[in-house]
Amino acid sequence: MDLYEWQGKQLFREAGIPTPRGVVAGDPPAALAAAGRLGLPVVLKAQVLTGGRGKAGGVRIVQESGDVEDVAADLLRLTIRGHAVASLLVEEVVPLHNELYLAVTLDRGRRRPVLLVSAEGGVDIEEVARTSPEALFRVPLDPLCEPAAAVAEGAGEALAAVAEACGGGESLAEALTGLATKVYALYRDRDATLVELNPMAIAGVGADGPSGGRSDGDGLPADLGRIAGTATRLLALDSKVTIDDDALFRQRDLLEWRGGGDARERRAREAGVTYVTLDGDIGVIGNGAGLVMSTLDLIAAAGGRPANFCDIGGGARADQIAAALEIITADPRVKALLVSVFGGITRGDEVARGVIAGLDRVSSQLSIVVRIDGNNAAEGRALLVEERPDLAVVETPWEAVRRVVQLAAEESGGSGEMD
Amino acid sequence: MAIIVDQTSRVLVQGITGREGAFHARRMLAAGTRIVAGVTPGKGGQSVAGVPVFDAVSEAVEAAGADTSVAFVPARFARNAALEAAAAGVGVLVLITEGIPFRDMVEVVATLEAGAAAPSREGDRPRAGTILVGPNCPGVVSPGACNAGIMAAEIFRGGPVGVVSRSGTLTYEIVYGLTRMGVGQSTCVGMGGDPVHGVGFVECLRRFQADEQTRAIVLVGEIGGDDEERAAEFIAAHVRKPVVAYIAGFTAPPGKRMGHAGAIVSGGAGTAAAKAAALEDVGVPVARRPDEVPGLVVTALRQR
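As given, the protein sequences belong to chains D and G, one line each in that order. Taking the numbering used here, the leading residue of the first sequence gets 1, the next gets one more, and so forth. Taking the numbering used here, the leading residue of the second sequence gets 1, the next gets one more, and so forth.
Rather than coming from a laboratory, the hints here were simulated on the basis of the structure. Predicted model only: the values in this text are computed from it and were never measured. Using N, Cα and C, we set each Cβ at its ideal position, and we do this for glycine too. Don't take each hint at face value.
Sample of chain G residues lacking proximity to chain D, with all beta carbon distances greater than 10 Å (derived) [stated by the list, open to error]:
hint: 1; residue: 29
hint: 2; residue: 45
hint: 3; residue: 184
hint: 4; residue: 234
Heads up, simulated PhoX-like pairs for lysine-lysine below, C-alpha to C-alpha not over 25 Å straight-line [said to hold, decoys possible]:
hint: 5; chain 1: D; residue 1: 55; chain 2: G; residue 2: 256
hint: 6; chain 1: D; residue 1: 240; chain 2: D; residue 2: 182
hint: 7; chain 1: D; residue 1: 240; chain 2: G; residue 2: 241
hint: 8; chain 1: D; residue 1: 182; chain 2: D; residue 2: 55
Ranges between beta-carbon positions, derived for each pair [what the hints assert, rightly or not]:
hint: 9; chain 1: G; residue 1: 34; chain 2: D; residue 2: 258; range: 40 to 48 Å
hint: 10; chain 1: D; residue 1: 81; chain 2: G; residue 2: 299; range: 40 to 48 Å
hint: 11; chain 1: G; residue 1: 302; chain 2: D; residue 2: 131; range: 45 to 53 Å
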């Protein structure tokens, strides 16, 4: 589950990770009220579950209260990479000296958490990793240690190097270590798979009062000495947090944030079916993630374009097949449907009965190809042919894919002529 | 012989009194597996399909000599069940359970690694550590000898081909094709679809290379992670038997999790094209369709 920036920042504050002061606003008047509370200037940030927001014009600084509502209305009308803007985060504008990068995520190869830290934040970190890999430190963390010990042992050197790269000294390194510990504790205690602060800022005095941001002769901010002394304040200016869906049973307070994203994907999840929306016109249902992925590849190889990924799981029970059929047949983009199942422990004849029962519950004019192979597959195919003569029943995946691609093309061509 | 499990494996089923555990215990028995014990806390003294049930894994190891566990415990209890099996000295743990939190699996694999690295205390029997298969996996089948998991035994037959796969149904597809061509299998390992998992391609390749029965190896990969790339490096350096591969997910869009928790292309990494290229670079033929795999295997076996 991906969290909106404001949700991630709420978790940050609960974990003792400082953020700018901010208020969520759902409409322009609320944004104006928020600006009044925070004091101008404010920054208005479109809340979307995708990257590339800055480039798409989704972040705007507003100086005058008379402009707040207009800018808010503009932002709320935006669509960023196909995502409509859900709400706005109105925040105080924080003067800052450096933009850093700090994240904890899973290192799949090492099978443990990894702390990523760089003095070059505020940009696409994958770009930093490509162009100046030496500027991005990757530090594996011992999952059997408490966060403070894991960070101190694993990341001490990297954090000291980053502090130095920012022109700070020991106290900045200490502040970074403290913050990294809180970030890792949040990652662990909240069952996150990603906690990212990009950028993280070394701020002047932050919310407590105005900061200089002036520079002295060395190109260093004049008050960095003070920062390095007692007033070092690290702030998370943006948040990207992903929570492990499989751990929501023990993160119950986060469940209320569930439900964002694609409507079809949400409905499928409720029915216990795994569904991912794709951009083609051929509906696909199968049992097993690998089998479905492979079927999508075959459709592309045959010149077709799948409309979805849909895995009904090994059992291929009637209720799951029905749920998948309901979602896919209601999708106006879908021109033809392929059901590809393999009989294992749930034998081919049982799978066929599930398909028939599922189809009986959903009325559809779609052309449907069913492919059954594996255990008792011949019985399953015979059953389907007998009960549902309207279906095209085939044995091999490649044959099935060629048929459904052809049917989808005919369907598109046919409707084109009628228009 | 075979790898990981064979006719000498003494299997215990964790969660044997549950619906899934009982159903699959019966199936595994029917396939000739030696199931010597079941474990469900609080149900000690009962029996399921003639198999005695114990309260704890350590009791099942002690009383019945179990050395391999197949675990069907619910996701939220899987971490403790896995650690219990490892602490009891079970040599192979096949974790079928799907949907275990990442954090729990990270802790389990770190504990297993630490256990394998730690010297055995005086008086302990020497421990090589526990091999973990899974989670979110269909298990391990050595046809005719041991079926440790949820795969349908009818689809397999004994023979010279080792199979290791991240996908259960694609294993079926490919093995069914092999079996129909009269080509049997030594062992089929379903390593599971989670990002944090136990044995991977490299460990299975190492064992297949050392296994006398195995004469060719099939590797079934999918998008996400870099297991296939590391397999390619290992093949180049250490594997002298022919390897044939299939990779699923060439057309999967980036950033979307395709059913398996581990099947995701993130930040341009983990694409099927990169995996196929890495394998082809070290001379491994990569089939474009699953049904091409059996033919490539037959060709590889003939050439030897």
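Run the structure past the numbered hints and jot down the numbers of the failing ones, going up. 7 and 8
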